[in-house]
Amino acid sequence: MHKLSRLALAFSASAMLLTGAAQAQQKTFNIWWFEDPASSEGIAWTKALDEFKTAHPDVTVNFQQKTFAQLQASGSMILNSDQAPDVLEYNKGNATAGLVASQGLLTNLDDYVTKQGWDKILNEGDLVLSKYDDKGIYGSGHVWGISVYGEYVSCFYNMDMFEKAGLKAPTTLDEWVADMDAFKKQGVTPLALGAVDTSGQHLLASLAYTKADDTWIQNYQGLKAPLDGAPYLYAAQTLLDWVNKGYISKDSTGMKDPDAALLFTSGKAPMYVSGTWNLGSFASTIKDFKWGQFVIPTTKYSVGSTGNLWVVPKGSKNPDLAADWISLTLSPKYQTELANDGGVAIAADPSTITNPVGKNAAAVFKQIADKNGLGFYPDWPVPGYYDVLNQKDTGLFQGTLTPQQFVDQIKKVYDDAQANQ
Amino acid sequence: MAVGYGAAPTQQRGYYLYLIPGALGFIVIVLGPQIANFVLSFTVWKGVGLPRWAGLQNYQRLLQDDQFWGSMIHTLLFIISMTIIPVLIGLVLAALLFDYIREQFGEQISSLLRAGFYLPQILPVTTAGVLWGWILSPIGVANIVLKAIGLGGLAQNWIGDATWALAAVSLVIVWIQVGYCLVVFMAGLSRIDPSLYEAAQLDGAGWWQRLFAITVPMLAPEIFVVVLTTMIAALKVFAPVFVLTAGGPDNATLVPSYLTYYHFFTTQRVGYAAAIAVVQTVITVALAVIFLRFQSRQEAT
Numbered sequence: 128m129h130k131l132s133r134l135a136l137a138f139s140a141s142a143m144l145l146t147g148a149a150q151a152q153q154k155t156f157n158i159w160w161f162e163d164p165a166s167s168e169g170i171a172w173t174k175a176l177d178e179f180k181t182a183h184p185d186v187t188v189n190f191q192q193k194t195f196a197q198l199q200a201s202g203s204m205i206l207n208s209d210q211a212p213d214v215l216e217y218n219k220g221n222a223t224a225g226l227v228a229s230q231g232l233l234t235n236l237d238d239y240v241t242k243q244g245w246d247k248i249l250n251e252g253d254l255v256l257s258k259y260d261d262k263g264i265y266g267s268g269h270v271w272g273i274s275v276y277g278e279y280v281s282c283f284y285n286m287d288m289f290e291k292a293g294l295k296a297p298t299t300l301d302e303w304v305a306d307m308d309a310f311k312k313q314g315v316t317p318l319a320l321g322a323v324d325t326s327g328q329h330l331l332a333s334l335a336y337t338k339a340d341d342t343w344i345q346n347y348q349g350l351k352a353p354l355d356g357a358p359y360l361y362a363a364q365t366l367l368d369w370v371n372k373g374y375i376s377k378d379s380t381g382m383k384d385p386d387a388a389l390l391f392t393s394g395k396a397p398m399y400v401s402g403t404w405n406l407g408s409f410a411s412t413i414k415d416f417k418w419g420q421f422v423i424p425t426t427k428y429s430v431g432s433t434g435n436l437w438v439v440p441k442g443s444k445n446p447d448l449a450a451d452w453i454s455l456t457l458s459p460k461y462q463t464e465l466a467n468d469g470g471v472a473i474a475a476d477p478s479t480i481t482n483p484v485g486k487n488a489a490a491v492f493k494q495i496a497d498k499n500g501l502g503f504y505p506d507w508p509v510p511g512y513y514d515v516l517n518q519k520d521t522g523l524f525q526g527t528l529t530p531q532q533f534v535d536q537i538k539k540v541y542d543d544a545q546a547n548q
Numbered sequence: 006m007a008v009g010y011g012a013a014p015t016q017q018r019g020y021y022l023y024l025i026p027g028a029l030g031f032i033v034i035v036l037g038p039q040i041a042n043f044v045l046s047f048t049v050w051k052g053v054g055l056p057r058w059a060g061l062q063n064y065q066r067l068l069q070d071d072q073f074w075g076s077m078i079h080t081l082l083f084i085i086s087m088t089i090i091p092v093l094i095g096l097v098l099a100a101l102l103f104d105y106i107r108e109q110f111g112e113q114i115s116s117l118l119r120a121g122f123y124l125p126q127i128l129p130v131t132t133a134g135v136l137w138g139w140i141l142s143p144i145g146v147a148n149i150v151l152k153a154i155g156l157g158g159l160a161q162n163w164i165g166d167a168t169w170a171l172a173a174v175s176l177v178i179v180w181i182q183v184g185y186c187l188v189v190f191m192a193g194l195s196r197i198d199p200s201l202y203e204a205a206q207l208d209g210a211g212w213w214q215r216l217f218a219i220t221v222p223m224l225a226p227e228i229f230v231v232v233l234t235t236m237i238a239a240l241k242v243f244a245p246v247f248v249l250t251a252g253g254p255d256n257a258t259l260v261p262s263y264l265t266y267y268h269f270f271t272t273q274r275v276g277y278a279a280a281i282a283v284v285q286t287v288i289t290v291a292l293a294v295i296f297l298r299f300q301s302r303q304e305a306t
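The listed protein sequences correspond, in order, to chains D and P.
By my numbering, the letter at position 381 of the first sequence is numbered 508, and the numbering carries on one by one without gaps.
By my numbering, the letter at position 290 of the second sequence is numbered 295, and the numbering carries on one by one without gaps.
These aren't lab readings, by the way, just hints derived from the structure by calculation.
Incorrect hints may have been included.
[What the hints assert, rightly or not] Capping the alpha-carbon separation at 20 Å, the derived lysine to aspartate or glutamate pairs in EDC-like fashion look like this:
(1) P:51 - D:542
(2) P:51 - D:260
(3) P:51 - D:514
(4) D:538 - P:304
(5) D:539 - P:71
(6) P:51 - D:246
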């Protein structure tokens, strides 16, 4: 016993010495993000990080590349531990950022918003997903995170195939259907889709949003009332009709997004509905045809949102440095850099953007954001809804669920979560 | 350090000391989490914050959860593809390699083939799953080959159609499992006295007759172990389903482990996930106990 306690004393003394030494040394700043190094955000932020290191020579900056899945699966547990970094990219939305904010795991950024002048760069719409109330619902409450880029779902199309078929990009739903019909008549399956993956539910939601008004979107995303299934019923009926007419292959239930994207990038399918996160890889992989995007014709709402958030964990030892980092990524220099890397800049001056892809994306995002048309993603309101929508999507596409059964089943899960929040 | 305290009162008790590391490991890694899981299954918890006591609520929900019952039925089907089919194929292959291939083509060829069959066990399931995904995708290798040899009519949407998905995942699982059965059976075969086969051969017994009259009865202990371990594996199957179909299409390949994962990490119903895990554990332990009882009775007779 005597020996043991002496040993323990020696251990704790040396541990204290060690931490003392570390404190005397340089300050360390830990930063994580999960954007792919080859993505527009990854490229722009890596450059910004170099500048940040030069600007703070007295700080040791440790960057760690994470993956979306890593933080999606265990983010809240990491933030709840002493392993959390000083600043990190975190998925926006009630089920993720909202949850950890409501659990008190993040630093309140209210003061920084004015101190760093973020309120002059970002408008109210850009900050909607930065705020979460004490239940973790977005839209009001304190500012817990800052987004520095945008995202939206649109239809990518092969301009060469359209030109050859004598078609042009549609501006209404009817024109879109007519285009698809023309391709089908020429023996081409017009729309590539990964029905088990994100693109399936984003197409579904895009169609549902064409029938959505302000109240529906607010109720739906805010989990304010039992699900009004009418827009989804319309979307499900339309999709099933498209599958039956051959605009979408029944095989899409066996395809993930990369498979469907491959059909588009290899020039086999003229259209692919997905998000702006494809811009970087499409720009680098598509070499032998011209391609563009058109926004899915809708009265107001599109599937899209401001991007993921920079959040500062509660345990961050350097919140001021974290705020400096956020300001740097919001600065005109790195907003333009982001757009020139093909990303969707949230606050770039269009006249400074030289990359046509990034210029167009910034313009489209501004157009949607300015009319307050960001309808967000369909899986947001309910934790785990992403998988539910994928599973039920495939049921609809393969014919084991009728549109009405489809709506009934997703409504059951939604209403269950709504009643038990 | 402990030895320095002098001799233990009796020699017998001294051995207990050496059990401490193992016992500690068991408590920390197996027993502790099991108890924590059991307690959590009576709570509502989001993974962060404080759990709230909920009594039997999670279990009541479980009884009415179609997804859970569906996944249990799929488990029964996976016992066919993880246990029954691999054991049958493994038996025939092991016997074939042992007393035909080895005799005709030599030890080396036999070892090479054995290693080949075992390879899927070594490959990370995630890697193998991605490869099989490429093969079974509607625009994948399997369909391309079928179309190339004029059998395009047989091409299917293997993992995207509820009719085929369970069979397609089962095929991959059989491919993974056969190697394990084969290696254990071959090890067992080397224990059998060759004179038994020679005597049977002299009596005019054919290959299949020898398989059923000598190999199978003599291999009973190995078959027993393999059946038990693979059945337990079937009850917990996760990785192939996760990688290939994520439980889809429309939950056609959902299994209890995936459902647990889903509720733990995505719906944040940690308590409910814990309840599913408890049911799984109870079934697994019950199965193991029944088998071990049965085995010891067999050995006694």
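Exercise for the section: Against the earlier hints, flag every one the structure doesn't satisfy and list their numbers going up. Expected result: Of the numbered hints, 4 and 6 do not hold.
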